[in-house]
Amino acid sequence: LSSALITLTSDFGYDDGYVGMMKGVIYSINPAALLVDLSHSIAAHNIGQGAFLLHQAYRHFPPTTINLAVVDPGVGTARRAICLIVPEVGYFVGPDNGLFSYIIKAEQERGANLTAFALTDPTYHRAEVSSTFHGRDIFAPIAAHLSLGEAPANFGPAVEIDQLVKLEKFWPEIVQKGQSRLIKGQVAQIDHFGNVITNIPANLLGELTQAQRDKIRFKCGWLTAKGLKQTYGQAKKGQLLILVSSSGFIEVARVEGMAYVYGTGVEGSPKITVGSPLTLSIS
Amino acid sequence: LSSALITLTSDFGYDDGYVGMMKGVIYSINPAALLVDLSHSIAAHNIGQGAFLLHQAYRHFPPTTINLAVVDPGVGTARRAICLIVPEVGYFVGPDNGLFSYIIKAEQERGANLTAFALTDPTYHRAEVSSTFHGRDIFAPIAAHLSLGEAPANFGPAVEIDQLVKLEKFWPEIVQKGQSRLIKGQVAQIDHFGNVITNIPANLLGELTQAQRDKIRFKCGWLTAKGLKQTYGQAKKGQLLILVSSSGFIEVARVEGMAYVYGTGVEGSPKITVGSPLTLSIS
Amino acid sequence: LSSALITLTSDFGYDDGYVGMMKGVIYSINPAALLVDLSHSIAAHNIGQGAFLLHQAYRHFPPTTINLAVVDPGVGTARRAICLIVPEVGYFVGPDNGLFSYIIKAEQERGANLTAFALTDPTYHRAEVSSTFHGRDIFAPIAAHLSLGEAPANFGPAVEIDQLVKLEKFWPEIVQKGQSRLIKGQVAQIDHFGNVITNIPANLLGELTQAQRDKIRFKCGWLTAKGLKQTYGQAKKGQLLILVSSSGFIEVARVEGMAYVYGTGVEGSPKITVGSPLTLSIS
Chain A
39 LSSALITLTS DFGYDDGYVG MMKGVIYSIN PAALLVDLSH SIAAHNIGQG
89 AFLLHQAYRH FPPTTINLAV VDPGVGTARR AICLIVPEVG YFVGPDNGLF
139 SYIIKAEQER GANLTAFALT DPTYHRAEVS STFHGRDIFA PIAAHLSLGE
189 APANFGPAVE IDQLVKLEKF WPEIVQKGQS RLIKGQVAQI DHFGNVITNI
239 PANLLGELTQ AQRDKIRFKC GWLTAKGLKQ TYGQAKKGQL LILVSSSGFI
289 EVARVEGMAY VYGTGVEGSP KITVGSPLTL SIS
Chain B
39 LSSALITLTS DFGYDDGYVG MMKGVIYSIN PAALLVDLSH SIAAHNIGQG
89 AFLLHQAYRH FPPTTINLAV VDPGVGTARR AICLIVPEVG YFVGPDNGLF
139 SYIIKAEQER GANLTAFALT DPTYHRAEVS STFHGRDIFA PIAAHLSLGE
189 APANFGPAVE IDQLVKLEKF WPEIVQKGQS RLIKGQVAQI DHFGNVITNI
239 PANLLGELTQ AQRDKIRFKC GWLTAKGLKQ TYGQAKKGQL LILVSSSGFI
289 EVARVEGMAY VYGTGVEGSP KITVGSPLTL SIS
Chain C
39 LSSALITLTS DFGYDDGYVG MMKGVIYSIN PAALLVDLSH SIAAHNIGQG
89 AFLLHQAYRH FPPTTINLAV VDPGVGTARR AICLIVPEVG YFVGPDNGLF
139 SYIIKAEQER GANLTAFALT DPTYHRAEVS STFHGRDIFA PIAAHLSLGE
189 APANFGPAVE IDQLVKLEKF WPEIVQKGQS RLIKGQVAQI DHFGNVITNI
239 PANLLGELTQ AQRDKIRFKC GWLTAKGLKQ TYGQAKKGQL LILVSSSGFI
289 EVARVEGMAY VYGTGVEGSP KITVGSPLTL SIS
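For the protein sequence lines, the chains are A, B and C, in the order given. Under the numbering used here, the first sequence is numbered contiguously, ending at residue 321. Under the numbering used here, the second sequence is numbered contiguously, ending at residue 321. Under the numbering used here, the third sequence is numbered contiguously, ending at residue 321.
Rather than coming from a laboratory, the hints here were simulated on the basis of the structure. It should be emphasised that the depicted structure is a prediction, and the values quoted were computed from it without experimental measurement. Using N, Cα and C, we set each Cβ at its ideal position, and we do this for glycine too. One or more hints might be untrue.
As the list claims (entries may be wrong) - Quick list of in silico lysine-lysine cross-link-like pairs, DSSO-like style, CA-CA up to 30 Å: (1) A:K204 to C:K274; (2) A:K275 to B:K309; (3) C:K274 to A:K207.
Said to hold, decoys possible - Selected chain B positions facing chain C (Cβ under 8 Å, derived; list incomplete): (4) L76; (5) L91; (6) A95; (7) F99; (8) P100; (9) T102; (10) T115; (11) Q224; (12) Q227.
Just need the whole structure built from these sequences, with the hints factored in.
Printed below as a string of structure tokens:
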């Protein structure tokens with residue numbers, strides 16, 4: 039475990055050296071750790087965006103990977119700090135504020151036996167803990183100690199999984215209406231290429247006939263699209279299409295050399311952004 | 039070779055975790071790999087910009103370096119995936135869409151014996167290959183297997199170098215006009231400091247007298263400059279000067295504490311950008 | 039020392055591959071080096087900003103860490119290149135232009151016995167040294183050779199610490215006015231969260247009574263705040279408060295889910311930016 043992989047996710051940005059300091063703390067404890075930045079561009083304090091990004095990525099890393107995640111508006115208050123353990127997947131270290139909501143939900147649906155511990159024992163924290171930067175002072179040293187093989191139970195008392203804080207309405211809701219189904223979800227990410235990625239896992243749609251695939255309708259404010267395709271190649275330049283994203287979520291893309299959706303809204307209509315509600319209807 | 043260096047270049051940006059997922063895939067196969075990000079800020083789908091950035095950088099890495107490059111507008115179509123081998127330099131893994139044009143041209147001029155293989159054998163891909171993210175599902179695992187010493191011939195059939203896709207007009211053209219030479223090139227990069235870097239390698243100018251150096255003229259739309267200098271110190275604050283860039287290409291810079299050229303164009307004149315045509319005249 | 043940690047700080051940005059090339063040079067010399075990016079977003083040629091960022095971060099890394107820092111407007115001129123050695127802290131490699139001013143001042147106040155050497159021996163530079171990119175051609179190879187255990191005295195002649203270039207007025211000044219003290223400082227950084235971080239180390243305030251803490255006044259142009267708090271939790275949403283930053287400096291933050299100060303100035307008043315003068319008054 040000593041050369042264990044540690045991923046880092048935060049809303050710290052790349053400019054101020056905060057991420058570098060966390061790495062300095064980790065390497066001070068375990069110079070053999072392998073560090074991978076997932077993203078430090080989570081919108082400041084946007085727990086939902088961070089939670090989804092972790093969800094999208096966590097299954098692409100080796101088992102026993104340690105995921106350090108810090109989107110932490112409640113730092114310095116009484117909010118709990120936790121280590122969540124997912125068998126055959128790895129560890130999640132961060133504030134108990136909903137950041138692991140998607141992972142808990144998805145892994146419980148898979149039947150995984152999750153456990154969690156509060157990070158209360160100062161033995162495993164930095165000697166001096168600031169009131170505003172627990173990423174550096176608590177979560178980074180905990181991740182480093184985990185990578186050295188320390189047992190999570192040593193960090194503090196066990197916490198029941200259903201006692202952990204969950205995001206509100208983060209998981210898509212299915213409404214049956216006679217012959218047709220309505221899936222109510224939200225925009226989970228608008229990526230670098232302008233793809234609008236939803237929080238709806240493709241497997242939530244179940245088995246579909248080709249006729250059903252062709253009739254699927256997506257609606258998010260002014261943005262509408264019809265027909266679930268397999269690849270960009272199945273639509274013409276400029277067309278919107280519904281796809282399964284490379285991480286397994288329903289997304290809407292525009293084919294135009296690059297796919298994008300930015301700035302194509304109707305004047306005066308609400309902006310589409312992370313968290314905007316959307317529906318997918320299947321009949 | 040197990041601790042081989044792998045460079046990563048893409049148009050994925052730093053925000054969405056796509057680069058992190060590629061690293062997760064690589065480390066899952068070879069945890070001893072050394073990973074270096076070259077740039078993930080290539081403009082979306084701008085193959086020419088990616089090709090030049092690789093060209094500028096690739097000679098600064100150890101021999102046997104594996105260069106993973108993904109600017110891939112044709113992902114999911116029939117475009118070929120390749121591994122290019124440059125003796126004493128290393129490996130280039132990516133889509134066959136012109137991304138290695140400069141390197142092939144430069145290395146052929148040096149007399150290097152290049153070989154290439156198509157990446158068709160699924161043994162070396164991820165178990166599940168998406169239609170939109172071959173960076174993660176094909177190129178990353180191939181790079182990781184290369185770093186473990188796998189022979190490129192195992193990845194698929196050999197491809198003739200002259201069968202590989204090349205960019206159009208990417209290499210500067212020399213026109214002789216009586217006593218004077220005109221070199222027609224293009225803007226290859228506008229860097230963080232505002233330097234306008236051309237695709238003209240300095241060695242294309244040949245041996246020049248001081249009188250010839252002083253008379254060299256650069257023209258790119260509204261941007262003109264005269265006289266090839268050795269350092270910033272040879273011009274005054276605010277002056278434009280022609281230089282050889284740190285990677286050996288002709289560039290135009292403005293001396294002003296920092297060098298920059300942004301936003302100094304004549305109203306209504308076309309914007310200078312990556313790909314803009316330019317000329318260098320030597321008499 | 040062969041797996042020594044090397045931090046990298048510069049004004050190169052993340053787009054052009056310049057940082058990647060420096061890493062290529064380092065790994066060519068020592069593939070076992072551990073590299074950590076501190077920040078490459080220093081404003082172009084802003085030595086003061088780079089100097090402060092190093093100051094904020096350097097104590098969070100293991101002893102013997104090598105800090106490679108390049109904000110280098112004078113590259114190619116006669117400005118000196120140096121390696122500064124701080125016992126029990128590590129090495130600082132970069133141009134002699136004031137970039138290490140804070141560290142020298144802080145460590146001298148701690149009574150550290152500093153030494154420095156000029157980097158004049160070409161044996162330890164790249165074979166070909168450009169006139170515009172000493173980060174890659176001189177500082178990166180020096181850092182790599184240091185990480186292999188090379189003695190700094192081999193790089194060139196010793197330089198007296200008081201002969202090194204210092205920034206002007208970078209250190210806060212204390213003015214005693216009868217019963218009250220005025221500390222004159224400057225804005226050292228405006229971070230990703232909008233916190234205005236000053237160059238005033240909290241320990242410069244000395245021991246304060248609660249009454250004194252409550253009466254402390256901060257003034258920087260239109261931005262004023264009163265009362266030194268311990269955490270964000272001690273003020274209401276939207277309020278400005280004075281805090282000690284996670285790295286030990288006086289900062290001003292606004293509580294509003296996220297703390298920020300951007301764009302809240304009075305129309306026509308001067309912009310608050312890195313380098314803006316400010317005062318802290320204690321009575």
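Here's how the hints hold up against the structure:
Proximity of A:K204 to C:K274 is assessed by CA-CA distance (about 25 Å); at most 30 Å being required, the pair is judged to hold. With a C-alpha separation of about 25 Å, the suggested pair A:K275 and B:K309 falls inside the 30 Å cut-off, and the hint holds. Distance restraint check for C:K274 and A:K207: the Cα-Cα separation of roughly 27 Å lies within the 30 Å cut-off, and the hinted pair is therefore satisfied. Given hint, B:L76 at the interface with chain C, holds; its Cβ is 4 Å from that chain's nearest Cβ, closer than 8 Å.
Interface hint status for B:L91: upheld, as the beta-carbon distance to the closest one in chain C is roughly 5 Å, under 8 Å. For B:A95, the interface hint holds, since its Cβ comes within 8 Å of a Cβ in chain C; the closest pair sits about 5 Å apart. A distance limit of 8 Å between C-beta atoms decides the matter here; for B:F99 the minimum to chain C is near 4 Å, and the interface restraint holds. Hint on B:P100 holds. Least Cβ distance to chain C is approximately 5 Å, under the 8 Å limit.
The interface hint given for B:T102 is broken, as the beta carbon of that residue sits about 11 Å from the closest beta carbon of chain C, more than 8 Å. With 8 Å as the threshold, the beta carbon of B:T115 stays out of range of chain C, its nearest partner Cβ sitting at about 28 Å, so the hint is violated. Interface restraint check for B:Q224: the shortest CB-CB distance to chain C comes to about 17 Å, outside 8 Å, so the restraint is violated. Interface hint at B:Q227: satisfied, since its Cβ lies 7 Å from the closest Cβ of chain C, which is below the 8 Å cut-off.
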